[in-house]
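Heads up: the sequence lines are chains A and B, in that order.
Those letters in the first sequence? Residues 0 to 80, by numbering that gives the first Met the number 0.
Those letters in the second sequence? Residues 0 to 238, by numbering that gives the first Met the number 0.
Heads up, none of these hints are tricks.
Anything over 12 Å on all C-beta distances counts as not near chain A; from chain B, calculated: (1) LEU32; (2) SER33; (3) LEU81.
Within a straight-line C-alpha distance of at most 30 Å, the following computed DSSO-like cross-link-like pairs (lysine-lysine) qualify: (4) B/LYS197 <-> A/LYS54; (5) B/LYS7 <-> B/LYS60; (6) B/LYS208 <-> B/LYS60; (7) A/LYS54 <-> B/LYS208; (8) B/LYS60 <-> B/LYS108; (9) B/LYS108 <-> B/LYS235.
The calculated label-pair distances, taken between Cβ atoms and stated as ranges, are: (10) A/ALA44 <-> B/SER33: 37 to 45 Å; (11) A/MET0 <-> B/LEU6: 33 to 41 Å; (12) A/ASN63 <-> B/TRP236: 53 to 61 Å; (13) B/THR120 <-> A/LEU66: 51 to 59 Å; (14) A/VAL17 <-> B/ALA132: 31 to 39 Å; (15) A/ARG37 <-> B/ALA229: 30 to 38 Å.
Just so you know, these hints were derived from the structure itself, not from any lab.
Glycine included, every Cβ here is placed at the ideal spot set by N, Cα and C.
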Amino acid sequence: MARYFLHINNGGGYSEDVEGQELPDLDAARAAAIEGVRSMLSEEARQGQLDLSGKIEIADGEGNILLVVPFCDAVELRRSE
Amino acid sequence: MIERHLLKLRARDIVSPEEERAIRDSIAEVRSLSADEIIVRAGRLTTFSVMLLDGLMCRYKDLSDGQRQITELHVPGDFADLHSFTLKRLDHSVMTLTPCRVALVPHEKLEQITERFPHLTRLYWFTTNIDAAIHREWEVSLGRRTALSRIAALFCEIKVRLEIVGLTDGLSYDFDLTQTDLAECVGLTPIHVNRTLKELRERGLVQFKSARVTIHDWNGLARVAEFDPAYLYLEKWHL
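The shape of chain B in the complex, shown without the other chains:
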């Protein structure tokens, strides 16, 4: 059940059998959610963190005029809100974008992990630092990249993150997002996303069709995006 989570952790460090057992034992409940369900609401007290097992989720913030900015996408294996363990009331919400299966980990269990498993605690600290790195990369996109480069960067990032957890098929992967979801990730409108996807397709770089991304020219796409996977910290370290 937590195999993708373990793949994500083991891409960066060793996870001992004892640590693996501690993670398994920390799960209180597994829940199936439909698309567009809010699982963490901004400002509400949280008592558990959400580990994504299947599907896609996001962190987002809304403006009063209805505009939404998605600030990070979550893929299977991610803790969507490990940071709620220390923050308790989040400044943003977390929702599903597709049907999802999630594991709920009570904060008291995470507290026990911090007391009994210092190395695993450092590893979890590291994963929240990766989330921060992803936020920085998105900041660069939203502030500075062109529409073409923003979407290219997103497709590159998701390809690498899904590859780690075994969810790519060569250069293609399932990505069941609408153009509106994509627009909310990259700070554009659905129309602008549609036009930009057409340009990416016509340049022979990538196709996004029927909930699937197919990259035709990885180097070309990475060049347009100025994508450097260094921010995803893929090297193996012993923390």
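Next up, chain A with everything else stripped away, as it sits in the complex:
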């Protein structure tokens, strides 16, 4: 287990994760990021707007960015022709 910090950067600005989460590995941190983005987007969808331009920065305890997860990775968009 390691502590990962999932910072949010989107239309609402930058939200630093000062607390972090204990997770088994970077894959689990990515899954947590995807789940978090879906949770935020579902709220936006309820209000009729979807901003996919944000990203989650996954950092370690030293502040090194290990992975960037764009919001658009969290959903698959389909629309009819």
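With the hints as your guide, set chain B onto chain A.
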């Protein structure tokens, strides 16, 4: 030791010296627990109820994929599972979220209270009804409120409940929960909670930092939450 419990009861009704003695005499053991200890496991036979003296506890249920829903928070002075006296095997578990001190009250002692102290029995029935009211309020949050309003409602509720037992300092209080704990209360994810806390802070309503909640604008927070403390039944009645 049971002062906070008495404050909670006396906010709603008179507790006589005899009743107070009966409550004190019902405690078999006081135990110190660390954070994240499960004290009641769903489905197991219970023989005592847990009165929380210090710390924060919760009732919760888990889904098979690891998702957890906290269904109620408990503050000092609460019986976390008075209902286990009649239900015996609970449909949910009870755990500590912070280091806690609890008093264990054997069900046989509660049975004696029901036989000898009818008024205190009615008062305890009333407190389990408050738990049911809190569950209903959380149901409304989880089903209908926005993320912002859910967290605002939780902060309002806990402020009122801690105030009753003397654990607030004006509009601020200790609240040693992680963002993951909060997410499990309000049915969101830690990331979404982080983003929502930022919005509450930027609107000048409330700050949650270093295990402490500081409310900057009580009326504004209550408005966002549509918080009406009526469900906490704060009026004094003689039951």
